[in-house]
Structure formats: C-alpha cells, structure tokens
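**Q** Quick mapping for you: the protein sequence lines, in order, are chains G and P. The first sequence maps to residues 1 to 234 in my numbering. The second sequence maps to residues 1 to 314 in my numbering.
Check the hints yourself; a few may be wrong.
Stated by the list, open to error - Computed cross-link-like contacts, EDC-like style, restricted to lysine to aspartate or glutamate with a CA-CA straight-line distance of at most 16 Å:
1. LYS3(G) to GLU59(G)
2. LYS52(G) to ASP106(G)
3. LYS217(G) to ASP202(G)
4. LYS52(G) to ASP287(P)
5. LYS3(G) to GLU215(G)
6. LYS125(G) to ASP106(G)
7. LYS68(G) to ASP196(P)
8. LYS199(G) to GLU223(G)
9. LYS183(P) to GLU215(G)
In short, the hints are calculated from the structure, not lab data.
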Amino acid sequence: MLKVKDLHVYYGGIHALQGVDMIVPEGKIVTLIGANGAGKSTTLRTITGLVKPKSGSIEFMGQPIVGKPTLEIVKTGVTLVPEGRQVFPNLTVLENIRLGAYARKDKAGIKKDIEWVYELFPRLKEREWQMAGTLSGGEQQMLAVGRALMSRPKLLMMDEPSLGLAPLLVQDIFNIIKFIHEQGMTILLIEQNAHAALKIADYGYVIETGRVVLEGKGSELVENEAIQKAYLGG
Amino acid sequence: MGRGKLFCLYDIGLGDEKMTINFFMENLANGVSLGSLYALIAIGYTMVYGILRLINFAHGDLLMVAAYAVFFMIAAMVPWWIAAILAVVITAIVGVLIEKAAYRPLRNSPRISVLISAIGVSFLIENLGLVVFSGVPRAVYRPEIFDKSVSMGGITTSSLTFYIIGATVILLLALVYLLNKTKTGMAMRALAISFDTASLMAINVNRIVSFTFAIGSSLAAFGGIMWALKYPQINPLMGVFPGLKCFVAAVLGGIGNVTGAVIGGFILGIVEIMAIAIFPSLAGYRDAFAFIILILILLFKPTGIMGEKMTEKV
Numbered sequence: 001m002l003k004v005k006d007l008h009v010y011y012g013g014i015h016a017l018q019g020v021d022m023i024v025p026e027g028k029i030v031t032l033i034g035a036n037g038a039g040k041s042t043t044l045r046t047i048t049g050l051v052k053p054k055s056g057s058i059e060f061m062g063q064p065i066v067g068k069p070t071l072e073i074v075k076t077g078v079t080l081v082p083e084g085r086q087v088f089p090n091l092t093v094l095e096n097i098r099l100g101a102y103a104r105k106d107k108a109g110i111k112k113d114i115e116w117v118y119e120l121f122p123r124l125k126e127r128e129w130q131m132a133g134t135l136s137g138g139e140q141q142m143l144a145v146g147r148a149l150m151s152r153p154k155l156l157m158m159d160e161p162s163l164g165l166a167p168l169l170v171q172d173i174f175n176i177i178k179f180i181h182e183q184g185m186t187i188l189l190i191e192q193n194a195h196a197a198l199k200i201a202d203y204g205y206v207i208e209t210g211r212v213v214l215e216g217k218g219s220e221l222v223e224n225e226a227i228q229k230a231y232l233g234g
Numbered sequence: 001m002g003r004g005k006l007f008c009l010y011d012i013g014l015g016d017e018k019m020t021i022n023f024f025m026e027n028l029a030n031g032v033s034l035g036s037l038y039a040l041i042a043i044g045y046t047m048v049y050g051i052l053r054l055i056n057f058a059h060g061d062l063l064m065v066a067a068y069a070v071f072f073m074i075a076a077m078v079p080w081w082i083a084a085i086l087a088v089v090i091t092a093i094v095g096v097l098i099e100k101a102a103y104r105p106l107r108n109s110p111r112i113s114v115l116i117s118a119i120g121v122s123f124l125i126e127n128l129g130l131v132v133f134s135g136v137p138r139a140v141y142r143p144e145i146f147d148k149s150v151s152m153g154g155i156t157t158s159s160l161t162f163y164i165i166g167a168t169v170i171l172l173l174a175l176v177y178l179l180n181k182t183k184t185g186m187a188m189r190a191l192a193i194s195f196d197t198a199s200l201m202a203i204n205v206n207r208i209v210s211f212t213f214a215i216g217s218s219l220a221a222f223g224g225i226m227w228a229l230k231y232p233q234i235n236p237l238m239g240v241f242p243g244l245k246c247f248v249a250a251v252l253g254g255i256g257n258v259t260g261a262v263i264g265g266f267i268l269g270i271v272e273i274m275a276i277a278i279f280p281s282l283a284g285y286r287d288a289f290a291f292i293i294l295i296l297i298l299l300f301k302p303t304g305i306m307g308e309k310m311t312e313k314v
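Could you build all of it, start to finish, from the sequences and the hints given here?
**A** Now the structure itself:
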C-alpha cells in the first residue's frame with residue numbers, strides 16, 4: 001500500500017534521513033522503532049508532505065505522493081496522529097472531531113462516523129462540549145485518534161500514541177489500535193515502547209541515525225538479541 | 001488648568017443637573033461611535049496576528065484605500081451605497097494581494113523579516129497614495145441621511161453616530177457567527193493553533209489565510225468609510241494615526257483575541273472622547289492618550305485584557 005524508497009531528508013545541514021526504505025502492506029500493522037532523533041517522526045512527517053524530501057520516492061496505492069501538498073495527501077487517504085496529540089485546545093471536542101472530516105462533503109456519512117467515533121470512545125461523547133484543552137492526556141489521545149479516523153483514512157499513521165500516558169492508559173491505547181486494525185485499517189506506528197509495539201505489529205523496522213538497520217516480523221524482532229539490548233531493556 | 005475646567009463643569013452640574021447628564025451622554029455616544037471604528041479596525045490586526053504572528057503595519061493604510069475608493073466612485077456619480085460596497089470589495093482584494101505578495105513568500109523566514117516587509121508595504125501604499133492621489137486633502141460627500149441631527153433620550157447628536165454604532169454591532173455579530181458557527185471559522189481557529197496540524201485535517205492553509213486577510217480588510221474598509229463620513233477630509237496619510245491607535249487597541253485587549261480587540265477599541269474611543277470632554281485643555285494631546293495607554297499596558301499587563309499567556313508557536 002505504501003512504498004518508501006531511498007528517502008533522503010535534510011534539516012538545513014543535518015542529514016536526518018539517509019536513505020530510508022520501507023513497505024507497509026495493506027491490512028497490516030507496521031511499526032518503526034528507534035531511539036530519540038533517529039528519524040522516525042521525520043519519516044512520517046515526510047510521508048504526509050509536512051517535510052519535503054531531498055530525494056527518494058513515496059508511493060501510496062501505486063501513486064507517487066512526493067511533492068504533493070499535505071492536504072492532497074490527506075485526501076488520498078493517508079492520515080497522521082501527530083506526536084503530542086496536537087488537539088486544538090481552544091475548540092470543543094465535537095469541533096475537533098468535525099475538523100477531521102474537513103475535506104468531506106457527505107453530511108450523512110460524517111454524522112454516522114461521529115457516532116462511530118463516540119462508540120469507539122464513549123468518554124468523548126460525555127465531553128462533547130468541553131474544550132479539548134481541558135481533557136486529560138489519555139482523552140486527548142483518544143480525541144486525536146478519533147479526529148484522524150474522521151477523514152476515513154486508508155492508512156493511519158500514529159506518532160508515539162502512548163507518550164506520556166499512565167501505564168494503564170498505554171494498554172488501553174494499544175487495545176484501541178488493535179481494535180481499529182481488526183476493523184480493516186492499515187496502521188503505521190511509531191513507538192518508544194518497542195516491546196508493546198512489536199507485540200501487536202506484523203512487521204517492524206528499526207531506525208538508527210536516519211537509516212533502517214534492521215527489519216523483520218514483529219515476533220522475530222522481539223526475540224532479537226540486539227534489539228532486546230538496545231530497546232527492550234533486556 | 002485641567003482642574004479649573006473640572007470645577008467649571010461641576011458648577012454647571014450644580015445649576016442644572018440634567019444638562020451635565022446630557023453632556024455626559026452625548027460625549028459617551030460620540031466615544032462609543034469612535035470606539036466602534038477603532039474596534040472594527042483593531043479586529044484586522046488581531047486576526048492576522050492570531051494566525052500569522054505578524055503585526056500587519058499596512059492594515060491602517062487600508063482605511064485610506066477604502067476612503068479614496070469611495071471618494072472617486074462618488075465623484076464618478078456612482079450611488080454612495082454602491083460605492084461603499086464596491087470599496088469594501090476593492091479593499092478586501094488589496095488586503096489579500098498584500099499577503100500574497102509581501103508576506104506569503106516570507107512565511108518560513110524569521111519573523112523580523114516579515115515585520116520589516118509589513119512596514120515596507122505600509123510606506124509603499126502611503127507614498128503611492130501621495131503620488132497617485134496627490135497630497136491635497138479631499139472632501140468626501142456625506143449623504144444626507146447621515147447629516148440629520150437626532151434626539152434620543154434627551155441627547156442630541158448626529159444621526160451618523162447611531163448609524164456607525166448600529167453598523168458596527170451588525171458587523172460584529174456577523175463576525176462572531178462566522179468564527180464560531182461556520183466550518184471556515186472553525187478552520188481559522190484551528191490555523192491559529194498550528195499550520196501543520198491544520199493541514200493534516202486537509203485544511204487549505206493558504207486559502208484560509210487569504211480569507212482571514214479578506215475579512216480583516218473588509219472590516220477595515222467599513223471602518224475607513226465610516227471614518228471618512230465622520231471626518232470628511234481625506235488624505236493619503238489618513239490611515240497612519242488610526243492604524244497605530246487601533247494597533248494599541250488590539251494590544252490593550254490582548255493581541256490575537258478578537259473579543260479583546262473589540263473591548264480595546266471601545267475603551268480607547270471612549271477614553272479619548274471623554275478625556276477631552278472633561279478636560280478640554282487637553283484637546284491638543286488627543287492622539288497621545290492611546291500611546292500613554294500603550295506604555296501603561298506594556299508595563300503592567302503586556303498580554304492585554306483578554307490575553308492569555310503567550311506560548312511560542314513552533
């Protein structure tokens with residue numbers, strides 16, 4: 001579904017991505033793991049067009065998307081739950097959810113999907129009229145995911161959804177990811193919490209200083225000694 | 001000296017209480033109408049700042065653009081109300097073009113570059129005005145309905161005062177509706193938080209920025225046209241002082257906050273008129289009040305009345 005080939009990204013003089021290759025097949029959960037600053041977020045931001053690559057290609061459903069503006073890329077069915085959730089704090093929960101469907105015109109469909117998001121996250125319905133800034137971290141994460149789903153994405157990318165959440169909530173978030181995946185969503189997930197991520201992922205990539213240094217099935221990577229040492233505290 | 005005048009006023013009050021109240025109310029009405037104009041113009045500053053973190057110094061000059069547009073169209077025998085509508089449209093287009101030409105190419109540059117660009121645009125418009133329209137002041141035709149004197153609740157004032165206040169209320173209600181009840185308004189509020197996250201919602205950032213400039217400029221145009229009706233002598237530099245004062249009003253209210261800009265505008269207008277009414281000897285310092293307020297607000301509450309703590313936008 002998504003093919004990234006030899007992606008190079010520079011931030012000024014810093015060579016942030018040094019030839020990333022990656023494939024996300026339809027219907028799978030793929031995870032990117034790696035230390036802070038390895039280039040995980042940059043990879044996702046480049047896929048959504050927020051960062052322009054120097055060279056390399058990105059194909060989504062057979063169409064090249066490099067160089068397209070973010071709004072066009074989102075319209076083709078790629079969406080990103082950004083790092084730090086980035087809900088709009090001065091907008092209500094419902095307004096945040098509606099913004100997720102900004103490009104859509106089918107009023108009836110939007111209404112149905114709002115109900116669906118509320119079923120997925122009943123807490124959001126309770127807080128429908130609250131400003132998003134007043135929600136707890138976990139609720140904001142739910143809102144960020146719900147908002148992303150409102151664009152009816154084909155590929156849902158998530159940047160550290162468990163960051164800064166209490167352990168109990170982290171488990172909730174992973175359950176939600178699994179649940180959304182079971183509904184047929186393709187997911188590309190970035191996680192610091194490598195263990196949990198690899199456990200639910202079909203396939204994983206390990207990124208170090210802008211390069212993919214290791215890849216393999218999630219279940220294999222969990223067992224991998226080098227990974228255990230570097231990321232799993234083993 | 002001011003003291004003497006105050007006693008003078010007090011004496012009148014003793015003799016005829018009604019007259020003092022009328023005197024007060026008339027000046028208050030006048031202050032509210034001037035404050036309306038300030039509020040309308042201040043909104044443009046605050047909306048642009050909210051989204052681009054930029055003080056659009058060319059904003060005040062849009063008043064002049066609108067006033068001259070009306071002047072020349074009326075001179076060409078266009079009915080005044082059609083002239084006014086067309087002038088608003090023209091000013092909105094000018095505002096949008098300013099953003100496209102002078103601010104958009106610098107969007108990822110240091111903020112100081114954009115600020116300097118804004119000052120440059122302001123000088124450009126003022127000097128173009130001087131070259132094209134010449135520096136000779138012109139008199140704008142004031143339609144009769146604005147020239148009647150109206151008595152209401154014992155106070156007598158020009159009908160224009162009430163028209164200005166009424167028009168402002170309507171425009172403000174329309175703006176509140178736009179910002180809070182429409183999809184575009186929602187996108188504008190989202191854009192004020194983060195361009196990146198907004199574009200992840202498939203919001204067309206450039207289109208919304210242009211729209212924001214169009215709205216801000218239209219309000220400035222309404223302000224400019226009513227300004228020209230209130231003070232019918234127009235010249236190419238007429239936008240400079242109102243522009244600076246409305247910038248002060250926006251800062252006073254808390255820049256970036258629309259409600260704040262309205263409150264700041266009204267406070268400024270009322271203070272200016274009332275201060276002169278009570279201390280006529282200060283009339284010569286009329287333009288200084290705004291800047292005294294600016295200094296005080298920057299000293300004691302830099303975020304303004306409605307301002308929240310500024311978080312740097314990344």
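**Q** All hints, please: hold or fail.
**A** Hint by hint, here is what the structure shows:
1. LYS3(G) to GLU59(G): Distance of about 5 Å is within 16 Å: holds.
2. LYS52(G) to ASP106(G): Between LYS52(G) and ASP106(G) the Cα gap is close to 31 Å, so the pair fails against 16 Å, i.e. violated.
3. LYS217(G) to ASP202(G): holds (6 Å)
4. LYS52(G) to ASP287(P): violated (49 Å)
5. LYS3(G) to GLU215(G): Within the cut-off at roughly 15 Å; holds.
6. LYS125(G) to ASP106(G): Not OK: LYS125(G) and ASP106(G) at ~21 Å, beyond 16 Å, violated.
7. LYS68(G) to ASP196(P): holds (14 Å)
8. LYS199(G) to GLU223(G): holds (10 Å)
9. LYS183(P) to GLU215(G): violated (43 Å)
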